[in-house]
Amino acid sequence: MIEAQEIEAELLGFLHREVFAPSVAVTPDTDLIAAGFDSMSLVRVLLFVEMTYGLWIPEREINSETLRNLRALATTVSRLLVQKSTG
Amino acid sequence: MRARQYLNGCDYLMLGFDYELRRHGFAGNTCQIVLELASALPTGALEERLNALVTTYPVLRARPCGLILPQWKLPRRAAAGPSVRVHRDEPELAQRLFNEPLATTRGELARFDLIQRDGGRMALVFTWAHALMDAPSAEHLLALIGRKELPFAAPHSPPPARTRLGLLERFKRAWKNLYQIDQFSRAAPRSPGPRYPKAPARLQYRVETFSAAETERVRGNGVHFCGILGDAQYHAAVAVLELHQLHQRLGCPSASYVLPVPVGLRPKGTVEPLFGNEVGMLMLQFLPEHLDSIAHAVTMLKMQTEQAMRAGLLESGRMLSDLFRFLPLPAYMSVLKRGLRGEICSLFYGDTAAVNPLLTTFLGVPIENFTHVAAVTPSPGLGVIFYYFRGQLRVTVLHLSTVLNEAEVAEFAAGLRARLLNP
Chain A
-8 MIEAQEIEAE
2 LLGFLHREVF
12 APSVAVTPDT
22 DLIAAGFDSM
32 SLVRVLLFVE
42 MTYGLWIPER
52 EINSETLRNL
62 RALATTVSRL
72 LVQKSTG
Chain B
225 MRARQYLNGC
235 DYLMLGFDYE
245 LRRHGFAGNT
255 CQIVLELASA
265 LPTGALEERL
275 NALVTTYPVL
285 RARPCGLILP
295 QWKLPRRAAA
305 GPSVRVHRDE
315 PELAQRLFNE
325 PLATTRGELA
335 RFDLIQRDGG
345 RMALVFTWAH
355 ALMDAPSAEH
365 LLALIGRKEL
375 PFAAPHSPPP
385 ARTRLGLLER
395 FKRAWKNLYQ
405 IDQFSRAAPR
415 SPGPRYPKAP
425 ARLQYRVETF
435 SAAETERVRG
445 NGVHFCGILG
455 DAQYHAAVAV
465 LELHQLHQRL
475 GCPSASYVLP
485 VPVGLRPKGT
495 VEPLFGNEVG
505 MLMLQFLPEH
515 LDSIAHAVTM
525 LKMQTEQAMR
535 AGLLESGRML
545 SDLFRFLPLP
555 AYMSVLKRGL
565 RGEICSLFYG
575 DTAAVNPLLT
585 TFLGVPIENF
595 THVAAVTPSP
605 GLGVIFYYFR
615 GQLRVTVLHL
625 STVLNEAEVA
635 EFAAGLRARL
645 LNP
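First to last, the sequence lines map onto chains A and B.
Everything in the first sequence is counted per the numbering used here, starting at -8 for the first residue and increasing by one.
Everything in the second sequence is counted per the numbering used here, starting at 225 for the first residue and increasing by one.
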């Protein structure tokens, strides 16, 4: 089973590479929306999660709580992966 | 210092639209920001800032050139800053200024006009050639000019990494976009205006302003239909629905509506490169049956966006526009318009989100209002720009006077407002 921390590290690397400028200090606790994360950034992240973990995050899971920061997003992905493997 | 600076694919597309607009008798592909200021600006201080600006950024006085690849040819000697003209207020002066061409071939890529309003107020009208920079860059540049404490030299960071691919692979990927347009042409769009306007016409615009309460309501509708971060998608879906209504009212049915959705390619948290259009386009198509409700339009918009991103159309579109730089402008525009049987799209759409937060004052004078304007190329010669100033939504509706008359555009704008509030 993939740990939430491992997912968090993968997502952090992706955001640094593909979404944010190197000068922007993004940490697992950074408020993503305040840092400039927008709808196209979200689509990029959704596609990255699908490509990496074979999971499409359903729309009902995309809310202000999930996008509060990277840690919350990684926790959601981890939970959905558990549900997928057991369900 | 380099004497030349290459245009990227998107810059060259903007130069192509400039060619197309001038060919039809319009001023060219210019953009405009109008700042309504609480009091008069010290003109001397502005001129001083602009002269210093050109010393740091000589590209503001560059001329387009290039036989193989398009370039900005920078001035050899120190050039004076962009011109500053002072006008007495008169009705629709800003619109008239928008219709005055920039002498781009003589190095006039930006112009500043000051309009003396009643009660000691003033408006600053900044007009620039779209090929030079996009709206976020222009906002940042204005912020730099207007804040003496900000240095002109932008902090240097490495440019965004581009995929290093062979020419054949780039052709293959670019082909995906041509194939998409070919698919769209099976139900080619048709705009209400003439494809080749003959009479000299003007670019006109009107601005719909939403109060704080109305903006909250529109945002709430965006979240309801498109989810969190979905306000731009909601704006786009509403704009296409209202366009369909407009076509029906005018008795000008279209087999489909093609919407180019601009996507900012700058990494979040940067404005660099300051001079350049760092934008990719996702082309979306809506058939009339997709536009029976806002929910249906949103579903189609989201589905197509995900499919396009999954297929890498954003990156391949960039490769295609980079390759098109080898074509002369008349050939480029001809190829572009042939794809959709004479149309470029159905509606030019832009969503520049919140205005740069540094734009609260300009040279110490508070900014009371802000307007974004951009030229719209025939055909369709119709466009909308959404943005937020001080948290309040603004929508600029742009059109060529040959496409819609005043009553028709007023009805379109009113319909847009009503549908944003009550989908």
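No lab work stands behind these hints: they were computed from the structure.
Do not rely on the hints blindly, as some may be mistaken.
Unchecked claim - Examples of chain A residues lying across from chain B (beta carbon under 7 Å, computed):
id	residue
1	S30
2	M31
3	L46
4	P49
5	I53
Ideal placement from N, C-alpha and C gives every residue a C-beta, glycine not left out.
Right, here's what the structure says about each hint:
The interface hint given for S30/A holds, since its Cβ lies 4 Å from the closest Cβ of chain B, which is under the 7 Å cut-off. Taken as an interface hint, M31/A checks out: its beta carbon lies about 5 Å from the nearest beta carbon of chain B, inside 7 Å. Because the closest C-beta pair between L46/A and chain B is about 14 Å apart, greater than 7 Å, the hint is violated. For P49/A, the suggested interface contact is broken, since its CB lies about 11 Å from the closest CB of chain B, more than 7 Å.
Interface hint at I53/A: satisfied, since its Cβ lies 5 Å from the closest Cβ of chain B, which is below the 7 Å cut-off.
This entry does not satisfy hints 3 and 4, going by the numbered hints stated previously.
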